[in-house]
Structure formats: C-alpha cells, structure tokens
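There are 2 protein chains.
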Amino acid sequence: MREDQIFLLPGPTPVPPQSLRSMSSPMINHRGPAFKEILEEVTPQIQKIMETKNDVFILTASGTGGMEAAVANFTSPGDKVLVASIGSFGERFKKICERYGTVVDFIDFPWGTAIDPEVIREKLNKDKKREIKAIFLQHNETSTGVINDLKAVSEARGEHPALLIVDAVSGLAAGELKTDAWNLDVVISGSQKAFMIPPGLAMISVSQRAWEVAQKSTNPVFYFDLKQYKEFLSKGQTPWTPAISLFYALKESLQLMLEEGLDNILKRHRLHRDMVRAGVKAIGLELLASDEVASPAVTAVIAPEGIQVNAIRSLMQNKYNVALAGGQGKLKNKIFRIGHLGYVKPTDIFAALASLELVLTELGLKVDLGVGVRAAQRVLLERSGENAHTSQ
Amino acid sequence: MREDQIFLLPGPTPVPPQSLRSMSSPMINHRGPAFKEILEEVTPQIQKIMETKNDVFILTASGTGGMEAAVANFTSPGDKVLVASIGSFGERFKKICERYGTVVDFIDFPWGTAIDPEVIREKLNKDKKREIKAIFLQHNETSTGVINDLKAVSEARGEHPALLIVDAVSGLAAGELKTDAWNLDVVISGSQKAFMIPPGLAMISVSQRAWEVAQKSTNPVFYFDLKQYKEFLSKGQTPWTPAISLFYALKESLQLMLEEGLDNILKRHRLHRDMVRAGVKAIGLELLASDEVASPAVTAVIAPEGIQVNAIRSLMQNKYNVALAGGQGKLKNKIFRIGHLGYVKPTDIFAALASLELVLTELGLKVDLGVGVRAAQRVLLERSGENAHTSQ
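For the protein sequence lines, the chains are A and B, in the order given.
First residue of the first sequence: 1, per our numbering; consecutive thereafter.
First residue of the second sequence: 1, per our numbering; consecutive thereafter.
One thing to keep in mind: the hints can contain errors.
Because identical chains cannot be distinguished in the list, a pair is counted as satisfied if it fits within a single copy or across any two copies.
Claimed, not checked - Keeping only pairs whose Cα atoms sit at most 27 Å apart, straight-line, the calculated DSSO-like set for lysine-lysine is:
(1) 151 to 36
(2) 235 to 319
(3) 227 to 332
(4) 80 to 123
(5) 251 to 94
(6) 133 to 151
(7) 334 to 36
(8) 330 to 95
(9) 95 to 216
(10) 330 to 227
(11) 227 to 95
(12) 281 to 366
(13) 36 to 332
(14) 216 to 94
(15) 94 to 129
(16) 230 to 36
(17) 94 to 227
(18) 80 to 216
(19) 319 to 334
(20) 251 to 235
(21) 334 to 235
(22) 235 to 332
For the record, the hints were derived by calculation from the structure and aren't laboratory data.
Just chain A, same shape as in the assembly (with noise of 0.2 Å):
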C-alpha cells in the first residue's frame, strides 16, 4: 500500500505535514517548563474553536474515552438522562450511561435524520419534578453522516436544569459550535478529526453547572477524573502522563487552524460537503441523509442496488489509492461513507469522484464518466463566485 493515500475517512483524518513532522521531535519533562509552555499555548486556543470561556482539558484517551469521562464525572448511579440517538455513536452513549447505572430514556431517532428537537422539549415539559439529570446527543453522528441542530436541542431544553452533553468528536470545528450561546455544558471532541493530528487525545469542556454536578458523582473514575484535570492544568500540567508527541503535532495544527479562521473552516467544511454531495448524486448515487441535515463532516452513501459495498471499498483502495469508509452497525454493508473532514482539499474530492466513476463502471454500472467530477467543480466555481463577490 502506497503512504500517500487519498485519505477520505471520518477518522483519522489526513495530517498535514508539519504536523506530522513535528512528531519526530525528542522527548521533553511533561513536568517541565516546556510541556507547560505547549499546554497553555493550547488550551486557550481549543477554547477559541469551542467557542467557550469554560474550563477545557485535554485526555491521553480516543473520543471514546472522552465520551466516558463525561458519563462518569456529570451523572450518578440512579439519574435519570435522556440519551437522543440518531446513529451508531448515540447508541454508544446508550451503553456507556447505562455501564454507570443511570436510567436511560433512549429516544431512538431514524438512522439518517437528525434529533426532532419538538420530542426533546415533550419530554422535558412532562418531566415536572425536574428528575431528567442530563441530555447525552451527538453533534455530528459520523454512522450517518447527519449533524443535529444543537441551537434547537439548547432551545427546546429551556430553563430545565438538566445538563446538556454534546459528543462533537467528527462535528467539531467541522459545523457550527458555539458552546457558551449555546449553554452547552460539556463539549466532547476528539484529535483525529477537524484537529488534524492522530488519534489519541480527546478534549472536553466543562460548565459551571456542570462542575456542580461532578461534585456530587458517585462514580469511581480517575484516570478520567477532570477535578485532577483541573487541578493539575493550574500547574501547566495534566495530572498523569500526556501523549507528549501528540500534543507536538496538536500545537502545530492549532496554529494552522487559527491562521485560516474559524469562519472559513467551516465555509471550507461546507464547500467539501457540497462538493461531495453534489458529484455523488450527479453520478446517480442516492445520499442517506437530506440536505437539510448533512453533514459537513461526513456524506453517507447508499450503496447501488446489487454492488456490494466491500467491492467498491477495495477497488477504490486498491486500484485508486482511496480510503473510504463502510457503514457500522445496522447501516453495515448497505453505505459507504466518504470523510471530507479536516486537512482534505478540493483535489482529493475530484479525484475520489473520478475514482468512484470508474470503479462503479467496472462494477456494472452506468455511469457517465466525468459526471461527478463535473458537478462538484461547478461547486466549487459557484462558491468561488459567491466569495469573490461577498469580499467586493
């Protein structure tokens, strides 16, 4: 297999080089001044793409490990919480909440739509002795590729006290976030997504009323236990040993990410997802999720009648180089899902649609080459219009 793939999965992402590169770097005292010096460069700036003035900390964990520390450090055994699933990571909460004892209303949405925001607010007006503890949702559900309207879900949630806890390992600087305008009381994210550096470490917010609650937790946690996180970050410190040469890469990264702006990471997520979509259905292929709630992390696809989807995975990793993703769960076998998340660029789109014409061709299919491609280069020129006329 050739190094330089093009590399379009929901996780990892491509890393761009100087990240990369930064990972060759010697070992440095995580106890020292200069490990100090990276974490509180950082923190602050994962802050600015959370959109938040809460606490923000950074685990030597995978997204998953995040997802846990949320569970473990804002609810008790015996609290009530909703969990609203819309894919295969809402159903990943599901089984973390109830692992800790907690009582789960499991709202269990079709796989392809995203959370009604009108059943989260019925369930919230029913619940008059206040005993719903937490709402556990993700932001972008990577198993189908459709990301929830969180502005709607804080809405709906009103003046109820119940935590909102958002997974946004995929979603994260991929679509909007605004945790503080959006009294998101924990924010979960993940490296190997919108952050552009290996899987490894995750990060997580904290609120005020969430801290609260981590006061009162019953669990047993510590490798996961975010008052040491706390304690330990006053020191320029994490309070067991950090994947140093994760946090090398993050630095160079976060720097990359902040020279492009968030506004235009997020126009660049969009234009992706755009032109994904875009050269997917013009080549005739049908999208799980609708335009209304696609993801701009991730497109799902339906894979064509009689064509199986491992057939169109080894083609295209083996005769174009492209990785792409299958489908979990109860989507397995009946979608692909092609990553347009983080360090990917227009070039890598055209040639994945190129690369997936032929491949379809060679499976039978009708296609008419060049189609695809077609379609997310008018994309991409449109969108190029709408900018250069915006910035007159």
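Mind docking chain B on chain A? Use the hints.
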C-alpha cells in the same frame, strides 16, 4: 532549550531516532489491513517481553490508565484487597482501589525499601476464609528506585487464590519479570519506559484466573473494558480508535528490543544502574535504596545537606542540558532521581556524572573532579571483562 537533551528521567525516556521518524508517517485506517498487520506483529512481541502466553492488550492511555483498567476489571466493590506499597505508585494503587469501593488493607513499607514477602505470607495465612481477592504491588517503584522481588511475593502467595496484580510500568524490560513462571495474573506496563517510545500506550496482560474474576466484576467500565479488547483483538483491531502513530513507534522499538534480546536488555539495565550508583557514591552522595533492592530503571539520590534539589536539577538542565527528575510525594525536595531506563547509553551516564560533579562544586560541595566518572568507567570496564570472559 536544546532539543537534544541528555534525558535521564524515569519516563518519558529517550526515543530512538528510527522510532521518532516512524511517527511522521501518514495515517492509516485503524479498521484496515495495515493496522491489523502492526497490531498482530507487536502483540506477540510484547508477550515475549512479558514472558507470557497470557492475553496482552495495548490501551491508548498512560500507565495510570492501565492501573485503573486492572482495578476496574479485576475487582468488585466490597472486595478485600491487599495493596503492598513501597512508594508513590503504591499509594496510587490504594487511591484507585478505594475509588472503586474495595476494602483496602494497605501495607506501607518504608520508602526506599522493598516489600518483605513474609509480611504478605503472614497476611494470607491469617486469611483462613480466603476473603482477600487480589494483591496489588509494583514491580519497580519509580518514586524510590526500588525493585520488588516478585518471585518471592508470588511464592509467598502460595496456594491462596488472590490475584497477583503487578504495576510493571517502569520495571518491565528493565528488571527481570517472568509473568508465567511466577504466576503473575495481571501485568501492566507503559510505552514511555523500557519500550522506548513516547507516552500514550499502556500494555496489560491477563491470566485465565483473572478473566474468571473479570466475568463477575460489577464495576462500571467501558473505555478500559478488557473483554472488548479481547473481542476486537481477534479481528486485528482495538475497540476504540488507537493512537496510530505510537503504534508505528512501538513496532520500531520492539524490533530494536528483539534484536538486542531480553537477556541483553536486562544486562544493560543492570550495567547502567551499577555505573550510576558507583559514580554517585564515589562523588560522596548517599543513595536512598540499598544495593540489594536497587532498581535497574532509576536511582534515587539523597540531596546533600544544605543543597536544594531544585538547585541541582536547574543547573544540570540549564548549564549542561541534562534532565533529571525530582522527588515525589514525601520525598519531594529530599531526593533527585537519575533515570537509566530504556534508550540510555554509557556515554550519557559519563556526561551526566561529569556535569553533576561540576554542579555540586558550584553549589559549594567539595568534589574531587572526575571521581564519579572514573568509578562508572571502572564498572563498565569490569563488566566488559566479565562478558569477554563468559563469551570464551
């Protein structure tokens, strides 16, 4: 600060150039054949290093995460456990065990000494009802530079059914550890020690007896759920997205380790220990641990009367670019520690001892310049002679 420090911490430890470079490789799919190949290559190699046929898993977490995984998977609330402590990491095991609701019998041996196996034997003999479920202990206590005699502790356990759960984070591949021969049920290690890679991975081995206990554990555990790790390993995967770059480095470092051979690695660690100890003693400083229990990973040196530990460490760092560790817990400001663990070479030790002689002189101590270096040289010379002799 120069990047090329003489890096003598007991973790993180120096990383070989080829392992550092490997981390600049682009991302791969953690659910694809390339990652599977790495995971299936490194797992049996770690079994070799651990001298075990037991299951071995690699977690994306620091060593503390591995310690928590052991407590969470192999105890249940209310279980009676022994924690045999000889320092700061023993105290950490106690904290984690308490957090998980076990009833801890904490045996607090004096810091700087090793576990007395007779105390364990007596505790277990008195436990006629076989209520003690597990014994937690360190292989090597990083905070004091003392190595425990695991074989003797295992013999002291005898037929008692308590699990033997060993934190070998800093000890594995520095000091002898025979998982199977000594019936160690759970062995935990970490990447940033003798494995010579950056922090971020923890390794854990699990015996059949430990699995039986895990089946009945009632703790909430998700990210560290080893049953999930077992299920996914059979597919060549980890349950959650792994720190891919660190696996690249692990593959390189294990290659180096197996080329050197475990016996030679252990011999090298003993040599470096003896060089450091001889040098420090010749300078006129006092060591915390006696020769009989001295750690092959790290040496704790008692700060001379009237000289601040921080003054020594700062001058060593700022003038000579030599990184040393301070004391932890009740040894803070009383000792400094010289790590000689992992990718350290004799010339690093000469350089560190020469610098230490100058720093102590500057701080007002009367030091016969060169005396420490000479003592270390003599150890090296003798040892080379022995090797030359035995190889005839």
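A quick look at each hint next to the structure:
1. Taking identical chains as interchangeable, the C-alpha atoms of residue 151 and residue 36 are never at most 27 Å apart, the minima being 35 Å within one chain and 40 Å between chains.
2. Taking the shortest alpha-carbon separations for residue 235 and residue 319, only the inter-copy value of 24 Å comes in at or below 27 Å, while the best intra-copy value is 51 Å.
3. Proximity of residue 227 to residue 332 under the C-alpha cut-off of 27 Å is restricted to the inter-copy arrangement: shortest distance 23 Å between copies versus 39 Å within a copy.
4. In this homomeric assembly, residue 80 and residue 123 come within 27 Å of each other (Cα to Cα) only inside a single copy, at 12 Å, whereas the closest approach across copies is 43 Å.
5. In the homo-oligomer, the alpha carbons of residue 251 and residue 94 never lie at most 27 Å apart, since the shortest distance is 33 Å inside one protomer and 35 Å across protomers.
6. In the homo-oligomer, the alpha carbons of residue 133 and residue 151 lie at most 27 Å apart inside one protomer (19 Å), although the nearest pairing across protomers, at 50 Å, exceeds that limit.
7. Taking the closest pair of Cα atoms, residue 334 and residue 36 come within 27 Å of each other only across two copies (24 Å); inside a single copy the shortest separation is 47 Å, beyond that limit.
8. Taking the shortest alpha-carbon separations for residue 330 and residue 95, only the intra-copy value of 16 Å comes in at or below 27 Å, while the best inter-copy value is 41 Å.
9. In this assembly of identical chains, the alpha carbons of residue 95 and residue 216 lie at most 27 Å apart whether taken from the same copy (22 Å) or from different copies (18 Å).
10. Proximity of residue 330 and residue 227 under a CA criterion of 27 Å is satisfied inter-copy only: 22 Å between copies versus 37 Å inside one chain copy.
11. For the homomeric pair residue 227 and residue 95, the shortest alpha-carbon distances inside one copy (24 Å) and between copies (15 Å) are both at most 27 Å.
12. Within a single copy, residue 281 and residue 366 get their C-alpha atoms as close as 14 Å, which meets the 27 Å cut-off; across copies the closest is 81 Å, which misses it.
13. In this homomeric assembly, residue 36 and residue 332 come within 27 Å of each other (Cα to Cα) only across copies, at 20 Å, whereas the closest approach inside a single copy is 44 Å.
14. In this homomeric assembly, residue 216 and residue 94 come within 27 Å of each other (Cα to Cα) both inside a single copy, at 21 Å, and across copies, at 22 Å.
15. When the C-alpha separation of residue 94 and residue 129 is checked against a cutoff of 27 Å, the pair qualifies only within one copy, where the shortest distance is 23 Å, while the shortest distance between copies is 39 Å.
16. In the homo-oligomer, the alpha carbons of residue 230 and residue 36 lie at most 27 Å apart inside one protomer (14 Å), although the nearest pairing across protomers, at 36 Å, exceeds that limit.
17. Taking the shortest Cα distances, residue 94 and residue 227 sit within 27 Å of each other both inside one copy (24 Å) and across copies (18 Å).
18. Taking identical chains as interchangeable, the C-alpha atoms of residue 80 and residue 216 lie at most 27 Å apart whether they share a chain (15 Å) or sit on different chains (26 Å).
19. Within a single copy, residue 319 and residue 334 get their C-alpha atoms as close as 22 Å, which meets the 27 Å cut-off; across copies the closest is 63 Å, which misses it.
20. Only within a single protomer do residue 251 and residue 235 lie at most 27 Å apart by alpha-carbon distance; the minimum there is 19 Å, versus 34 Å between protomers.
21. Taking the shortest Cα distances, residue 334 and residue 235 sit within 27 Å of each other only across copies (21 Å), while inside one copy they are farther apart (50 Å).
22. Within a single copy, residue 235 and residue 332 get their C-alpha atoms only as close as 46 Å, which misses the 27 Å cut-off; across copies the closest is 16 Å, which meets it.
Comparing the model with each earlier hint shows violations of hints 1, 5; every other hint is respected.
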